[in-house]
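Peer 1: Chain residues, written in single-letter form:
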Amino acid sequence: DTGVSQNPRHKITKRGQNVTFRCDPISEHNRLYWYRQTLGQGPEFLTYFQNEAQLEKSRLLSDRFSAERPKGSFSTLEIQRTEQGDSAMYLCASSLRPGPNEQFFGPGTRLTVL
Amino acid sequence: AQKITQTQPGMFVQEKEAVTLDCTYDTSDPSYGLFWYKQPSSGEMIFLIYQGSYDQQNATEGRYSLNFQKARKSANLVISASQLGDSAMYFCAMEGWSGGSNYKLTFGKGTLLTVNP
Numbered sequence: 001d002t003g004v005s006q007n008p009r010h011k012i013t014k015r016g017q018n019v020t021f022r023c024d025p026i027s028e029h030n031r032l033y034w035y036r037q038t039l040g041q042g043p044e045f046l047t048y049f050q051n052e053a054q055l056e057k058s059r060l061l062s063d064r065f066s067a068e069r070p071k072g073s074f075s076t077l078e079i080q081r082t083e084q085g086d087s088a089m090y091l092c093a094s095s096l097r098p099g100p101n102e103q104f105f106g107p108g109t110r111l112t113v114l
Numbered sequence: 115a116q117k118i119t120q121t122q123p124g125m126f127v128q129e130k131e132a133v134t135l136d137c138t139y140d141t142s143d144p145s146y147g148l149f150w151y152k153q154p155s156s157g158e159m160i161f162l163i164y165q166g167s168y169d170q171q172n173a174t175e176g177r178y179s180l181n182f183q184k185a186r187k188s189a190n191l192v193i194s195a196s197q198l199g200d201s202a203m204y205f206c207a208m209e210g211w212s213g214g215s216n217y218k219l220t221f222g223k224g225t226l227l228t229v230n231p
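Top to bottom, those sequences are chains P and Y.
Under the numbering used here, the very last position in the first sequence is 114; numbers go up by exactly one each time.
Under the numbering used here, the very last position in the second sequence is 231; numbers go up by exactly one each time.
The following block holds chain P by itself, in its conformation from the complex (with noise of 0.2 Å):
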């Protein structure tokens, strides 16, 4: 399968604990998004890579969470002190440059706080 991967595919964790999701990116593809989704709404922007460069976070984005994306291939996402309002799907998505940026998404992280 070369499409884009997440793991966990569910995580359950109490408040307070920290965690960590991995995006695996199509290979070739050297654009990275994460976006968060929560019920009944579209997905929300959180950050993106270019490479192994963060380009842009979104005030969405709290001093609990940081993403990294080392050598510009797999990316993780870390939610630390997680709170009840962390609950949500976490997408990631990537694209290649150029042209235009049709995003491929993976099949999401659904996190639920306790």
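Worth flagging that the hints you see were computed from the coordinates, not collected in a lab.
Do not take every clue at face value.
Unchecked claim - Negatives, chain P to chain Y, calculated, CB over 10 Å:
id	residue
1	N7
2	V19
3	E56
4	D63
5	F65
6	S73
7	E102
8	V113
Unchecked claim - Capping the alpha-carbon separation at 30 Å, the derived lysine-lysine pairs in BS3-like fashion look like this:
id	chain 1	residue 1	chain 2	residue 2
9	P	K11	Y	K223
10	P	K14	P	K57
11	Y	K117	Y	K187
12	P	K71	P	K57
13	P	K57	Y	K130
14	P	K14	Y	K187
Beta carbons are placed, not taken as given, at the ideal position from N, Cα and C, and that holds for glycine.
Given chain P, work out where chain Y should sit, using these hints.
Peer 2: Same frame as chain P, but now just chain Y:
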């Protein structure tokens, strides 16, 4: 900043009929791209169709076509010959290009399409 408005929370269509899903947008960017994605109950976002703001012709991809009316800032999705497998959530999204690193997608709230047999 970009904004996408999808005014139809839910739509119903009979199998084999055509359906139009509405999308209006607002942006100050001189150039932009408009996208439609499908999200089945499994959760994965599936790219359907793309329209660039300077494209002269409306985009088509198989049974999907995008009715782009730039002056009205609308980018409606038309699905012809609906199939049961088309039942899903549909999101309109845009990407603005203002010379900066604005490559993120801004999504609407979506329209839940149900295809009846």
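Peer 1: Please settle this one: F65/P was flagged as non-interface, so is its CB more than 10 Å from every CB on chain Y?
Peer 2: 16 Å, holds
Peer 1: For the pair supplied as a hint, K11/P and K223/Y, confirm whether the alpha-carbon distance does not exceed 30 Å.
Peer 2: 25 Å, holds
Peer 1: When you look at the beta carbon of S73/P, is every beta carbon of chain Y farther off than 10 Å?
Peer 2: 19 Å, holds
Peer 1: If I take the minimum Cβ distance from D63/P to any residue of chain Y, is it greater than 10 Å?
Peer 2: 20 Å, holds
Peer 1: Taking C-beta pairs only, is E56/P more than 10 Å away from all of chain Y?
Peer 2: 5 Å, violated
Peer 1: Starting from K71/P, check that the Cα of K57/P is at most 30 Å away, please.
Peer 2: 19 Å, holds
Peer 1: Far enough from chain Y: is every CB of that chain over 10 Å from the CB of V19/P?
Peer 2: 18 Å, holds
Peer 1: Taking only the CA atoms, is the gap from K14/P to K187/Y under or equal to 30 Å?
Peer 2: 44 Å, violated
Peer 1: Given the hint that K14/P pairs with K57/P, test it: the Cα-Cα distance must not exceed 30 Å.
Peer 2: Holds, at about 26 Å.
Peer 1: Check the non-interface label on V113/P: least C-beta distance to chain Y beyond 10 Å or not.
Peer 2: 18 Å, holds
Peer 1: Would you check the hint for K117/Y and K187/Y, treating anything up to 30 Å between C-alpha atoms as holding?
Peer 2: 11 Å, holds
Peer 1: Within a Cα-Cα threshold of 30 Å, do K57/P and K130/Y meet the stated pairing?
Peer 2: 43 Å, violated
Violated hints, in rising order: 3, 7, 13 and 14; the structure is consistent with all others.
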